[in-house]
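Trainee: Chain residues, written in single-letter form:
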Amino acid sequence: MGDRAVKVIILAITLSLSGCNGRYSILDPAGPHAQAVMWLWWGMLIVGSLVLFGVCAIWWYAMRKPHKKYSEDEVKGVTNRLVVLGGIALPVACITVLLGFGIPIGHSMLPWPSEQAIKVEVHAKQWLWEVHYPAQNIQLQDKIVIPAGVPIDIHVSSEDVIHSFWVPRLGGKMDAIPGRTNVLRLLGDKPGTYGGQCAEYCGLAHTKMKFEVSVLAEREFSLWVSQQQKEQASSE
Amino acid sequence: MNNDLSLHAQFAKVWDNLPGWGQLAAVNHTSISRRFMLTGTVFFIIGGVLAMLIRSQLALPEQELISPALYAQLFTMHGTVMMFLFAIPILEGAAMYLIPKMIGTRDLVFPRLSALGYYCYLFGGIIIMTSLFLGIAPDSGWFMYTPLSSAEFSAGPGSDFWLLGITFVEISAVSAGVELTVSILRTRAPGMSLSKMPIFCWYILAMALMIVFGFPPLILASILLELERAAGMPFFDPAAGGDPILWQHLFWLFGHPEVYIIFLPAAGIVSTIIPVFAGRPLVGYRWIVLAIITMGFVSFGLWVHHMFTVGIPQLAQAFFSIASMLVAIPTAIQVFAWIATLWTGRVRFELPMLWMFGFLFIFVCGGLTGVMLALVPFDWQVHDTHFVVAHFHYVLIGGMLFPLIGGLYYWLPHLSGRMPTMHMGKWAFWLIFIGFNATFLMMHLTGLLGMPRRVVTYEAGLGWDWLNMLSTFGSFIMASGFGMLMLDVILHFRYGQKARFNPWQADTLEWATGTPPTSYNFLSLPTVKTRHPLWDKPDLRSTISDGAHGLKRIGHGRRELYGTDAVTGKLIEVIHIPTHSWLPLVTALFLAALCISLLSRAYLVALAITVIAAICVFRWAWVNGAHKEMAPLTADEEQRDEPKLHSRTMNGPGLWGMVVTLLSDGSLYLSLLFGWLYLWTVAPGGKVPDVSAVSITAMTISGVTLTVAVLLYHRVIKMLRSGAASKLPAQFAGVFVFGALHLATLIYVTITSKLAVTDNAHDAALFVMLMFLLFHSSIAVVASGLQIFRAKKGYISQALPYEPAVLHPFWLFTLGIFWVSFACFLIMPLVW
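Sequences listed follow chains G and V, in order. Counting in the working numbering, the first sequence runs from 9 upward without gaps. Counting in the working numbering, the second sequence runs from 1082 upward without gaps.
Just so you know, the hints here were simulated from the structure itself, not pulled from any lab data. Hints are supplied without guarantee of correctness; some may be wrong.
Claimed, not checked - Pairs of lysine to any residue, SDA-like flavour, derived with a Cα cap of 25 Å:
no., chain 1, residue 1, chain 2, residue 2
1, V, K1835, V, I1908
2, G, K133, V, F1224
3, G, K77, V, F1214
4, G, K216, V, E1233
5, G, K216, V, M1388
6, G, K218, V, P1149
7, G, K216, V, G1222
With the rest of the complex left out, here is chain V (with noise of 0.2 Å):
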């Protein structure tokens, strides 16, 4: 028992963050992950008072409560706030917190990128409101659509602050899509297959997979907004074969992905819950993780649906009709396996399970009004009324909202330890049901009376007013609701009864941690043989506080997690892990700091800041893998009884994380080629010159040295892979010379291109093209330089042949690009 004891306390001492200031440098999943959901709520209430005003302004016609400038203000901030800064981060923080305790293993296995991803949440999200508290915030509607968010037509700062704050929240939002899929696919507990994962973390798997390819046509286009804006150049600019619309194919090509990103996390916690108090397996478990699939699929074929109204050609419409509604049938399939799961089970009708009910009528009633929506000619009718304002916020607040508040009250126990009660919970969720319905049920009905969204006042006798009266007292009605909904959870963590171990009988791993959870989660590792572990094997909390499973000595020092096989969960390596680090914290200040520089147009400042970012990031990268602050290569560790670790493999995390954001980075060049040929082939004056601005001759010199790079570096692989490496600097620099020759005639072909970057849509599109190309080819030149100084440091040799790997793909990648790029954007256009 004293063994076991100082067993904790030496993993404790391991895994525990810094004392006071030094909580800012944790990388804890379970520390960041609170932090998102803190800050999520924090914003929440900033976006819920917003909301109150705009209710409050439209209460009564022709009122003058709030001038039109400022209600425009209100409106953009309400949406972006509730969607980027609360929606996202706040079912990113679920997962962060769910994920690793759900497929049993000790954190995520980037750490210190979790840590990022949330300082630059932070810092965006106050960047952003910043601007609504100077009266200078974004006020064109949430979706910005351009002109009216351009220079000309939104002269001031407002819609640079959403521009740039926005994205630098989706840096977040990305790393943490990363993240998730990485830790998901590579640190399930040993045996736990695809087929036995817990039904969430296949949501989530949709979810992460989804945002990693469904923000970057969002990057992009605010990156071409805020370069229009700032330097001019005209993509959206019908005048100079730019068009506003290519805009508006961006955004939902983003954002409708972007519902399914909220929607599916929420229901991945309906089809938890539902079992665990049905007391019986999810039924249709395959059916399930079809539709969710069907789902991630069929969600970035719809964003058309937005624009029915733009004069798109109609037998595209009919097709972006009936896919809209084709949507509906993976979610019934959903909504009737978990009937189906009710129907066969013994229910237990908790708290929680009232949040369920609510979601099941408020969402598919939302979901409803959606197919009817997805019917064209109604849309014609319905299009930015009222209507649709109510149809979404059925969608979003019944689709996401009620499940996310069904959720807390059923992990809450996990949280404090602490069980909920019915007393107020009752209470919060009638005013919050009832003061829904009442805002938004006859909302409907004021958009079929005709009434516009983002109307400041509208004139009486329309009969609009009775309508918009109901919807303002029903709106303070449920924001009383969720006043009393935070009462009871701030209540319970004081006075709540004590939870006993697994309160509600779950049967997935989470609540096989300590309640709260310890640093670690688990002192041992347990091998998983089923889909339902703790009803199989109730004991499973003892034995593994007892260090009776896997993983269990801490005398090296290092945080280790099990690295398993993607598909069959089969135990592969041990991966070791990054501890606190005040880098992630420098960085975002840095990306602050740009950002910050950008807004103000202190472009010198800006360069320098950058520079300053990317020696962090390369600091950061420098005492990663085998350097001696992290897992350094000693004598005795071939008589360890457990697996390699993996900075001795060439299947590490690293590998995947940097795969996995290669796609994403993928994501983001197709938008880029997309973009430029709609600008080319649809764009009302759309054209492509005859004569190339950019040098071709240069241009495949670059390309050719560049594939030489590639080609060294490859054989670099092999070698390693062979076993038979040998004088890896002298290899790595042969590598970098290549690509320092390929990335300066690349400068070289940038800088004397003939490019008329402000005059017309191509030129800039071509020169967008060069950054990116030039950003990537940088990268890898100075990633494969400090690679020279680090095989000589010893830190990649032949026994650690990890770091070659990781960069592999990139170097591919980089390669890819440059030669598509040349085929596209230069050869094509001549040959057309």
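Next up, chain G with everything else stripped away, as it sits in the complex (with noise of 0.2 Å):
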């Protein structure tokens, strides 16, 4: 009984899941990161529907409700409960959850050292996105091709205006600031291409400003660097 009552909810979500695909959805994760934090929006969306509902429930029973005479204790008392339990509580209780289960998650997202990583250096500039791999001399624009699996630490930084580089499938976005540098690591865990676009306003074009990531499987990601320095070194 309990198994069928499983499937069933899981099928439920498959298909609620199912619009929620899309070139660009924070909900149709694909590396561990992206994952992390659909799965943070799923619990808060369902304990954020929880205190929603309930609090307009009291308030709309505390409208409704047939009238009594209270003494000025009772008062005193249901002030007290409603005002510490919802008031102080509630929250507390939320946000202790909340930061529980979060800053795990954020920490884990950092650019932590790591011998594995590799670094790629995105130059943002009004309106088209220069990548080079330091380490690989290889040089591409609007596209980053990356390993599944490994570390990458994106590079970001900006020629004029103030971009944002974010590929939501894969994790969370990194400002692009004139006269620094900042570093956001991605990690994709399955094949594929992805969208990447500029998330701050950066001018008439904004619009436009997107990129592609190609994640490819480890074996296929060496051919592919060797091909690119063969080219790039014939033609240069």
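Grab the two chains, each in its own frame, and use the hints to assemble them into the complex.
Mentor: This is the structure in structure tokens:
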């Protein structure tokens, strides 16, 4: 019986999630970072909805319940109970749980030093993305190729105004700011091609400032690197 | 009876506005606040039309209804208009209308300042709107991130319109902030201690103080960016030691408190309406006051949560993340105190209560997504997407507009003397409520599916199509709701049923004025003994109107209020306030001309206009106090059975106004100090030169002469306090001479300094600091120069010691910023 219920729930979730697909969908993750944030979202949605409907229901009940005369002491009791439970305990509990999940997730997304990590420099300018692999000496534009399962450190900088580098299906965004270099760690575990876009308004063609991230299996990535190196060497 | 009528007629003669064009010289708070609210409504309609255009463009994928250039102007102006020209002014207007009536007084304490504030708002708004009609509106988004808004990337005048126009409008906000603070603290009805004050006044007090502290960072940022655009001072240019992130810090240092500045008065409306319809006092009054104060403080420590993606150190992100979530606690305390009030009361379900419920649903929803956004990893994903757009519309429309409309219906009988009805009001509510949720609820999903904000269009097939169509559809339903709402309000003025006295059986004093109110609100000023004067004494209105309470004589022809102690509400003096005047209008016109001349980069004209505007301001100051137009000393004034006039004391409202203004000024100065320290220590190319470009010796001389001037001034005040002042003109002349010496040296220092203001941000900041000192020193010296003449004319004397006490804190402030600047800007870099 319990088994069937689980199946039904999984089916229902899968069905409703199919509306969440899309080239830029946070809810259709292709890497552990984006996936963690997606689960965070579903958890927050459930708790948030319970709080919202709970508070509205209490309000509605308080407004519509049959009238009763309260003595001063009773009023004090009701007030303290509602204010202490609803006004203090409820938010404190929610925040504690939220931080309990959120802080480790945020922590795991940071670009901690890693021997494995591949450095990719992304230089934004109105309105394109210049991509450079310093160790591999490869240049690309509006396109990044990365191996699956390997942490990638994107070093983001800007030529002119503030842009923001964002691949929703792989992980969070990072602003490209003139005069600074920020680092964002990307991690993809499913081979495929994912959309990236500028998230900070940067002028007239902001809407068109898009790029693509291809995640390849590690072997294919090595092949791609040597191929690129050959091609770029011959074109120079 | 006949006698009473003539008393009312006499009051009307003193308090009413001039007829015809003379209305433009009005200073009365009821008139001015109505103008604020009406003008705010017009800007709301304009902002709404801009939103409709945005929604139309986004209805279908790959539409080309609106060009990207125009679209950028539309979204920038929509945000700007709604925040600066609608939300803040209309709430200030509501506060200016209600506060004096609620605290049982006749007017705000600086009526001419209210008028100046209104005209600054009106002219500033018109100047900003002109840019839109000329097609050269600002187009970098309403938070104007530089470098996009800089001279290099926004060459046209759009950014200048924003920076100058908004700064101009902010004069109005800050002056309202000062005025509301002092009015609430010093003119409450006798006996109304802080703990007996209507809860609404606590909210407005918090809002006003937050404006006082919160707006200066943006004013400073706007000045710096305009100086960068117009004069090439590189505050935000990393190549010259500047940093674009400094703009973001200053902007959000204002921008986050701003959200609470908008929310608090609206929550105050909720806290006022709910007890009335629950038929019982608000429960948890103390809890709520505590929550308001906590919110006010905490809101200044959250700004970085708008900047989680700019690469701030992790620890700082964690701190601001947790702080942002903790705001949920004071918010929840208020929500549950409201629920407890409903729980223990007998609830009548009238139209305003419908809006309260709408508020609850939408605002709690917006608050919850706010807590989500405060979680850093989630914010990294949804920041700058339509999720955020949905979130802040939930907070702002739910948290501000719904209570405001509820309040509108609640106080409508007060404005018009007529009752609203459920018929159309209910329809308007449901259209707006359903339309709103249709527009914005699923917009959260649009954001989660990856749609960034501010994109002019999008390709089909990303899952965004139907969501955008739904949002556009919903927005038109909402717009039709607003149309119906306005129609309902307009029709009610004509067809509404006449309101009885105190139609909702409220407890607060504003219902004891006439409805609609007279220009003087109360013929006599009652003493207040409880938090609910009208519940405890239902006959208060007739006794007030019969002249059974204080300050009922008007033969002297002055507009008078009671001045009471800030905490206890004990009666201490009679405050006489100025009557109608053309000076606010004329001053505002010159300030508008200044704004326009700066926009057209006619700097010589601007300089000339600045001088004229300064003359207007000093003329304004000249006719105040004991000037013969105001309240000259008379022989028989000791015989009155009322307390002394404030101009005969040293603790009048002017002193309080000065201190609150200086708090704001101090906030501006601290922002400058923050900016300078930031450029030095955090900016990527930040450094300070080894040798000071400003002569330390000359600065020391300037500082010493200033110190002498302030010591002399301080001696005058001590003599006035002890009652032994003599030879005042000579005393002021001494202050003036040393002040002038200080000013002359300071000007010399500025002119001879070797500041490379266009080459590096450090020197540019130093230059701004010098200008700041010069500005204050000039005002102090000119004002003390005028005091010589005022003492000669007898407007200042031992019997009239008021004005020197007002200028005293200003001199102290000038001294303080001088030595702090000397130590921080000049000495610290040398000894580092």
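Trainee: Against each hint, give a clear statement of whether it holds in the structure.
Mentor: The hints, checked one at a time:
1. V/K1835 x V/I1908: With a Cα-Cα distance of about 16 Å, the restraint between V/K1835 and V/I1908 holds, given a limit of 25 Å.
2. G/K133 x V/F1224: holds, 21 Å
3. G/K77 x V/F1214: Judged against 25 Å, a Cα distance of about 60 Å means the pair is violated.
4. G/K216 x V/E1233: With Cα atoms ~21 Å apart, G/K216 and V/E1233 stay inside 25 Å; holds.
5. G/K216 x V/M1388: Judged against 25 Å, a Cα distance of about 24 Å means the pair holds.
6. G/K218 x V/P1149: holds, 16 Å
7. G/K216 x V/G1222: Distance of about 17 Å is within 25 Å: holds.
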